[in-house]
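Put the complex together from the two separate chains, hints included.
Protein chains in written order, with my numbering: chain A, 1 to 204; chain B, 1 to 96.
Calculated directly from the structure, the hints in this document are not laboratory data. Ideal placement from N, C-alpha and C gives every residue a C-beta, glycine not left out.
With a cut-off of at most 25 Å between alpha-carbon atoms, the simulated DSS-like pairs for lysine-lysine come out as follows:
id	chain 1	residue 1	chain 2	residue 2
1	A	Lys-13	B	Lys-10
2	B	Lys-10	A	Lys-4
3	B	Lys-36	B	Lys-69
Anything over 12 Å on all C-beta distances counts as not near chain B; from chain A, calculated:
id	residue
4	Phe-131
5	Gly-188
6	Leu-190
7	Ile-193
Spelled out from the first residue to the last, the chains are:
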Amino acid sequence: MKEKYIEDLKEIKDIMNRSSRFISLSGLSGISAGICALIGAYLAYNTVYQNQNYLGYRKAIITGDSVSTLLLIAIGTMIVAIGSVIYFTTRETKKRNQKIWDHQTKRLLINLSIPLVTGGILALMFLYKGFIGVVAPLTLIFYGLALVNASKYTLDEIRSLGIIEICLGLIAMQFIGYGLLFWAVGFGILHIIYGVFMQLKNKS
Amino acid sequence: MKDILKDLDKAFENKVRLGIMSALMVNEFMDFNTLKDLLDVTDGNLASHLKSLEKTEYITFKKEFNDRKPHTKYYATEAGRMAFTKHLNAIEQLLK
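With the rest of the complex left out, here is chain B (with noise of 0.2 Å):
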């Protein structure tokens, strides 16, 4: 039981986090509108969240200028994809 705990990850405990991470998992990238409509959070809400994701290494993003506007594209890393089915075993586990 401990160490089943111990693989679950801190990262996501946070609902949007959560959200984040499982919309990266699927997609090769998101962009920062389309996750904001998808997750229903406001724009500092997702980009507190966001930066706390690039912080533990778990997603990167790419800045594109598009007529002059930013437009950020989020992937997740290797490190996060790794994370996150750990995190998912962890949680099989521990229903089972």
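Bound-form chain A, shown alone (with noise of 0.2 Å):
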């Protein structure tokens, strides 16, 4: 009699995820978006601290040229990324016999985007009026904060990602100059982390 209440328990449970979170992001997804931003931040820095000396503390130089060449970068970091999050992640729904684009998988887009998109046009009004070195902190804080909003309906965990990225950026900001450090660390090694995080605790 116990088991099958045991049982019932866990059936409620995972009935109760499954309508109501999306399950899918696999540690892979995290570890590619990862691997992605390190590269678009190495190019990024090979584009913006172009010859000089690599020691001390280095200005940036940003030309007309080189804004529209990281703009470039960031857009095709950010393409290759979603792409790979994407292809990971149907493969993982495919796995576990799931649909990619239910409603759960739009209320999980639509709350991760509205402070996403809110941070992202910001970050774009400063880089306009000239203030490079606010938008690595606010990209990373607005990341952070979509990525709280979204969690009520994906895994836990991502809202302790979210956390530790708000308060990176904070920190970010209090040493501007910095900002691709951050980044890089925020959007390429916190993912790589994450990602093998989730991977083995999806295999045990």
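Right under this line is the structure:
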């Protein structure tokens, strides 16, 4: 008799999770997004800090040319990163026999987009006014807020990742000039750590 | 022990009905096809269990028309939510 109710509780929890949360975010998608971000950051680094000595604090030199190169790098990185996340997530949903595009996915994406798009527009406005230093901290903070907001509709771990991104963004705001470094840590290394962590957790 | 058994709800003895209620507890509403995919049951099976939950007034539905196709949304009622919570508490007590 007890076994039946333990089974029932398991079933209830499983159905509640499957019906209200998007659970197919695989660790691999985190790792691939992180690697894309690191490559993007490296390319951006070479564009911004051309021909400078490698010791000490370096001034970011932004000319009209390098701004368009940077924007191209940013857009390229974003497209490849999002593409790889979509690829690995689709694979995972197939494995779990779930649909990729249902109302959970929609709800997750809408709640992710609201802070993310706000932050993106704000960062572009600052960029056009010449405040390039705040772009990295701002994108980190708003990305963190977006993750916290979306975490209600997906895995709980996303919430912790979001809070870490917010803290990192705030620290980066204090150390303007090291933006690219913080950016690489936040979007690159944190995603890879998260991905590895999730991959190990799912295996065990 | 007897009191606990009394709190267990007959309506949730069945797996499908338990599944329907679980989904409706954490979602504002569910439509027929989503429930069908979620619980992996046939149309007829799902319909009969939905009917019986309607009869006990644990769930209610709204019929809408999208391009003339009927689209039914199911909601948990206040009574249904209370009964389900009571049922869960009883299970927890039982497993203590």
